[in-house]
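Below, each chain spelled out in residue letters.
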Amino acid sequence: MPQMIACFKWVVDEAYIRVGASGDLDMNAVDYKISDYDKNALEEAARIREQAGGSVAAVTVGVPEATKGVKDALSRGAEKAFFIQDPSFRDLEPSQTARILAAVIQSRIPYDLILCGEGSSDLYARQVGPRLAELLGIPCLSFVQKLTVEGDRVVAERRTDEGQEVCTAPMPVLVTVLPDINTPRIPSVRDTLMASKKEVVPVRKEDLPDISSPFLETVSMKGTSLKRSGTRFTEDPGDVKAFVDTLLQKGVLK
Amino acid sequence: MDFKLTEEQELIRKNMREFTEKHVDPIAVEIDETSRHPEELFKKLAEGGWMGIPVPVEYGGSGSDYLTHIVAVDELARSCASTGFTVSIHVGIACMLVLLFGTEDQKKKFLAPMARGEKLGAFVLTEPGAGTDVMAATTTAVKDGNDYVLNGTKTFTSNGPTGDTYFVFAWTDKAAGRKGMSAFIVPRGTPGMEVGTHFKKMGLRSSQTSEMVFRNCRIPQENLLGKEGAGLLMAMTGFDHGRTGIAAQSTGILQAALDESIRYSKERVQFGQPISRQQAIAWMIADMATDLQAARFLTYHAAWMKDQGKPFSKEASMAKLFTSEAAMRHTIKAVQIHGGYGYVKGAKVERLMRDAKITEIYEGTSEAQRMVISGNVLR
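Chains X and R are the protein sequences, given in the same order. Take 0 as the starting number for the first sequence in numbering that gives the first Met the number 0 and just add one per residue. Take 0 as the starting number for the second sequence in numbering that gives the first Met the number 0 and just add one per residue.
Just chain X, same shape as in the assembly (with noise of 0.2 angstroms):
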């Protein structure tokens, strides 16, 4: 019966971003979200304490307002969760992430597998995962859109660039989840509700080591935006033509 962790992070949903005329991000009517692949992380960790038991504790690195996230996370199943907070716990690098975590696990959580998103919803940058994994020690298993215990080892199924890959792992092991690994679910008004009777443990950046000063610097932020031509094709033999003539024009087929 594994005793396993889920890593989320409580992020900016995407679709309340504003994007201004000269392309800057208005941020100041914003909700936030658990980010999409954790949530196929805490799925995952929920669904293998359904089938094989074991417990799930929930682990997020946030500023001290992330408390809505937290019991979302447990609303997801898992029963209890580790809330490392700091005001300036906001716009934190992988390497700095990876580092808190890897302290605080170390130093508190029991863990046989630790389940992360493949990558952020905001920055995915996907590196939380195997930062972590080496900071820890452990094996780590990326790109995984299947995954089954099987006595102390896991099973993955790993999509790769070739195509599938199937290996396995001993236990403690880190995997990081594809969104096809499962469907994560939408909670109940009951699953909710109970979320916030669930225990919470605080960790304070006090009661962790020293974290790194970031390597990267943020200069600007900017909005994409998609210039539309505005020409039409039709399904008509003479427009496919000249539709696949404009692809190559602008160099979209070479």
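Treat the hints as calculated values from the structure; they're not laboratory data. Each statement offered as a hint is correct.
Below, a list of computed lysine to aspartate or glutamate pairs in the DMTMM-like style, where the Cα atoms sit at most 25 angstroms apart:
hint, chain 1, residue 1, chain 2, residue 2
1, R, K3, R, D306
2, R, K21, X, D35
3, R, K118, X, D190
Since the structure of chain X is already known, use the hints to place chain R on it.
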């Protein structure tokens, strides 16, 4: 003053949004066109605990409050007004009547299966000659030994054809006037109760509406809800809850009208620019957004009053009056913004406009709401 929903309520709204995107949006057009009651959808609503949000856990509900139910109806109606309404009347009137006035046995026997979403409730009050004028009802319940015998014809019963647990109002003592009507819980299949004509409606088409006919329908004493003679009072309390639900439904319709209008007006190009840049259109949308805000505040406030244990008849009527009229007014505008494309079957605004009309009529017309409100403020 705190205008914020709790984090749980915000999450529940978000979850309902996800639920509607996944399970309701894909069938909303079809169930409107075919007037179909989507049994499979109600099973899913039941699984999620959406059919009994404010009912305590020991009676099969989710154990939350009325405002949370209202938030869910608002979001559900944004996707499909019919479905939002069916949940609203089931919870707001049927479940609440038993919760507030039922005996312990009635709560176990009738409330729990409804709150779990296994049984659907229906409110059977209106008669062909008794709409706003409830006192003109003619259905009678005559005591006979340990039973009551019901006779009469009811009409416009929502969930009539699909209901399992009916709340029927009838005179036990017509001479006693306002204290002469009583309420009975009648399970589906009770001999003497028949579903009459099914109505084909302009809007709200997947909600099933029919006549209900009672011919020597024998109801045991233990199915009397509350005290004999307390029917009218209970009906009015039911209305306070139900009207807040209709206000939430209207708010959801209005939200959908705004969503569609914003989306379309930013896409539709005329005279070389999106029509949202035309002041004529932009101002319609400004008015729509403003009334939506007011609608939501009035509605949530009425539900909040209920949760505070305060009288909320006036607030419920004000919320219903304002939101339903705003929904009608602005769905017409939403169709206007869409032009010809909004008049075509399958356009969401076309359905919204048809669905909006009933909100000004049922559970008390706008005129009836004005009677309640003026009665309150002129007292």
